[in-house]
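With chain V's structure known, arrange chain S on it following the hints.
The lines below spell out each chain.
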Amino acid sequence: MAELAIEARNLRKRFRGGVVAVDGLDIEIERGMVYGLIGRNGAGKTTTLRLLMGLLRANAGTAHVLGMDMWTASASARARVGYVSQEQQLHDWMTVDQLCRYAAYLYPAWDQAYAEHLVKHFGLERDRQVGKLSGGEKRKAGVLVALAARPEVLLLDEPAANFDPIARRELVSELASVLADDGGCTILFSTHIISDIERIADHVGIMDKGKLVTSARLDEMQSTTKRVQVVFEGDTPPPGFRVPGAVRSEVSGPVVSAVVRLERDDALDEVRRIPGARVQVFPLGLEDIFIGLFGAETAQTMTEGADNGHGRGK
Amino acid sequence: MVTAEASNRLRETGAASDLRWGVIRGVLWHEWLAHRALISGCAAVWIAFVWILMVMSGPIPHTVFGLIAAVAFGGRIAGAAVSEGSEEFSLALPPPRRVRYLVRLALGLGVLLGLSVVGVLATMHNVPQALWGLVVESGFTEPFPTVEADRYIWAVVGPATLFAFTFSAAAVCRTRGDLIAGLLLAFLIWGSVSFGGALVEEQLLYRGNRALTMMCLCLVGAGVLVAGGFLYARKEGITRPAGASSRRAALIWLLVGMLALVVFALLALYGTHTRVVTE
Numbered sequence: 000m001a002e003l004a005i006e007a008r009n010l011r012k013r014f015r016g017g018v019v020a021v022d023g024l025d026i027e028i029e030r031g032m033v034y035g036l037i038g039r040n041g042a043g044k045t046t047t048l049r050l051l052m053g054l055l056r057a058n059a060g061t062a063h064v065l066g067m068d069m070w071t072a073s074a075s076a077r078a079r080v081g082y083v084s085q086e087q088q089l090h091d092w093m094t095v096d097q098l099c100r101y102a103a104y105l106y107p108a109w110d111q112a113y114a115e116h117l118v119k120h121f122g123l124e125r126d127r128q129v130g131k132l133s134g135g136e137k138r139k140a141g142v143l144v145a146l147a148a149r150p151e152v153l154l155l156d157e158p159a160a161n162f163d164p165i166a167r168r169e170l171v172s173e174l175a176s177v178l179a180d181d182g183g184c185t186i187l188f189s190t191h192i193i194s195d196i197e198r199i200a201d202h203v204g205i206m207d208k209g210k211l212v213t214s215a216r217l218d219e220m221q222s223t224t225k226r227v228q229v230v231f232e233g234d235t236p237p238p239g240f241r242v243p244g245a246v247r248s249e250v251s252g253p254v255v256s257a258v259v260r261l262e263r264d265d266a267l268d269e270v271r272r273i274p275g276a277r278v279q280v281f282p283l284g285l286e287d288i289f290i291g292l293f294g295a296e297t298a299q300t301m302t303e304g305a306d307n308g309h310g311r312g313k
Numbered sequence: 000m001v002t003a004e005a006s007n008r009l010r011e012t013g014a015a016s017d018l019r020w021g022v023i024r025g026v027l028w029h030e031w032l033a034h035r036a037l038i039s040g041c042a043a044v045w046i047a048f049v050w051i052l053m054v055m056s057g058p059i060p061h062t063v064f065g066l067i068a069a070v071a072f073g074g075r076i077a078g079a080a081v082s083e084g085s086e087e088f089s090l091a092l093p094p095p096r097r098v099r100y101l102v103r104l105a106l107g108l109g110v111l112l113g114l115s116v117v118g119v120l121a122t123m124h125n126v127p128q129a130l131w132g133l134v135v136e137s138g139f140t141e142p143f144p145t146v147e148a149d150r151y152i153w154a155v156v157g158p159a160t161l162f163a164f165t166f167s168a169a170a171v172c173r174t175r176g177d178l179i180a181g182l183l184l185a186f187l188i189w190g191s192v193s194f195g196g197a198l199v200e201e202q203l204l205y206r207g208n209r210a211l212t213m214m215c216l217c218l219v220g221a222g223v224l225v226a227g228g229f230l231y232a233r234k235e236g237i238t239r240p241a242g243a244s245s246r247r248a249a250l251i252w253l254l255v256g257m258l259a260l261v262v263f264a265l266l267a268l269y270g271t272h273t274r275v276v277t278e
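Sequence lines, in order, name chains V and S. Here numbering that gives the first Met the number 0 is used: position 257 in the first sequence is 256, and no number is missing along the way. Here numbering that gives the first Met the number 0 is used: position 43 in the second sequence is 42, and no number is missing along the way.
Next comes chain V alone, as it looks inside the complex (with noise of 0.2 angstroms):
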């Protein structure tokens, strides 16, 4: 088995208040992974970010970085550590210059050149303070911070939550130009944006209620995650019916349409042998998949969030 970049093991928050943010949660991430956490607003992605930084405590189970406890964790430990909070404040009265300066004496792989390559990349001017900056510029500089310290794990939270489609489709370019140029950096970012997850996530995990749905490679999620729809002859499907790993079916008439996941290419040889029934099998985005372990209201959520900026950089 490769060697964990990130690993959890039932994980629970339960904040002051009786809110139970993360619950009994379990994830492993391999080195060298792009690993998407989706999940509704409130499903748990921040706490679990959170309590993976060592920022907040558990109050069960672990949470491991690198093989290390990130709250108790030395400060050479840490410096390989990146991460980006969803929402960052960075000290206002500094200028991007001393805020890069201040990293470089934190990290010991910080890197001047690439620094100064973002800079320019994102369009940010060196002498001006960070609390002048725009809410989507704040954003980069914090993603700056993070990506010039070359950490060999990067944790990002909403990356690009407050930015416009255009920074949004810069930023995940970005990344993946990051990606690019140093394969072996793991990385691990939430959001609740589909479109991000398929443009640089090579895994995703779903998140619910505090507790992680499912995960998989993003290719094996959309290649054994199918809509089936089975036709039968009679005016409805035979009693009790049901569509093998279905995780939502819908009845109309004679016809059943399910999104299934198939775990087996011969999962389906059953429907097909019962008499009068045509099964057909179509292939489903991420988007589809969403709509199908959640329902269409909340993958609705997920997709207009890319569509309409959600919250424009002020």
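Worth flagging that the hints you see were computed from the coordinates, not collected in a lab. Every residue gets a Cβ at the ideal spot worked out from N, C-alpha and C, and that includes glycine. Any given hint might turn out to be false.
Claimed, not checked - Computed Cβ-Cβ distance ranges for the label pairs, DEER-style:
hint, chain 1, residue 1, chain 2, residue 2, range
1, S, VAL225, V, ASP163, 30 to 40 angstroms
2, S, ALA148, V, ASP68, 48 to 58 angstroms
3, S, SER82, V, GLY23, 46 to 56 angstroms
4, V, GLY23, S, ALA43, 53 to 63 angstroms
5, V, GLY16, S, MET257, 24 to 34 angstroms
6, S, GLY113, V, ARG168, 30 to 40 angstroms
7, S, ALA43, V, ARG168, 44 to 54 angstroms
8, V, ASP96, S, CYS217, 38 to 48 angstroms
9, V, ALA1, S, ALA42, 53 to 63 angstroms
10, V, ALA1, S, ILE67, 58 to 68 angstroms
11, S, ALA42, V, ARG198, 50 to 60 angstroms
To be verified - A few chain S positions that, by computed beta-carbon distances, are all more than 10 angstroms from chain V:
hint, residue
12, VAL22
13, ALA42
14, ILE67
Same frame as chain V, but now just chain S:
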């Protein structure tokens, strides 16, 4: 691969200690950059008042200046990330919480002690007046009235211990509201120990030099700093679960109110006692 090479190099050459020093230097540089206006401003006022205008020519002005500086330094240096809202960014960076706490403590207490000790010694030995005498004829031929040394010691110990209280309170706070209430609470606790101790010492032990109170304050101050460091090391990044923050704030303000009453009562007792003794 850059990152793996860097981390391997780090392990192989035993450069972890270099990194530790780099981190300490980085945090110190950051803290100086963040608070240079406050520190420079205090130093400028101190130079003007002690060395040029000679307004701080006795223990009382030194004490007042020191107490104001202690609240400002403690609240600002330990609570800056909370008041800016940038704490999560800071806590996600490599410096562990312990290093962050100790470097800030060293900077704040170092500057405060430096200013107050040098200022008090200079005033005690009439150095500013003597130095000015070399340049101009000031007209002052006699030194300032001699004051008991314990009052000068109080001018150093009082602010330093108040700094311990305000620094610890600011470090463990999580919101701006908590920070204000925490500083007030720290001042009131410090005030109750100071005035309560002085009252007990004068009324029960018939000692006016507050030596026991000062020793007590130093011990409590050191304890508060250790406790503050422990709590800061266990402090989580900022999250605001519904209801938790408002309940905590209400509790802190209730404590502030109760302690304010205690301090006023002690002050009243102290004032009555002093008046009776004088009459």
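Do the hints match the structure? See the list:
no. : hint                                         : result
1   : VAL225(S) with ASP163(V): 30 to 40 angstroms : 49 angstroms, violated
2   : ALA148(S) with ASP68(V): 48 to 58 angstroms  : 51 angstroms, holds
3   : SER82(S) with GLY23(V): 46 to 56 angstroms   : 37 angstroms, violated
4   : GLY23(V) with ALA43(S): 53 to 63 angstroms   : 58 angstroms, holds
5   : GLY16(V) with MET257(S): 24 to 34 angstroms  : 25 angstroms, holds
6   : GLY113(S) with ARG168(V): 30 to 40 angstroms : 54 angstroms, violated
7   : ALA43(S) with ARG168(V): 44 to 54 angstroms  : 51 angstroms, holds
8   : ASP96(V) with CYS217(S): 38 to 48 angstroms  : 43 angstroms, holds
9   : ALA1(V) with ALA42(S): 53 to 63 angstroms    : 57 angstroms, holds
10  : ALA1(V) with ILE67(S): 58 to 68 angstroms    : 59 angstroms, holds
11  : ALA42(S) with ARG198(V): 50 to 60 angstroms  : 53 angstroms, holds
12  : VAL22                                        : 5 angstroms, violated
13  : ALA42                                        : 20 angstroms, holds
14  : ILE67                                        : 23 angstroms, holds
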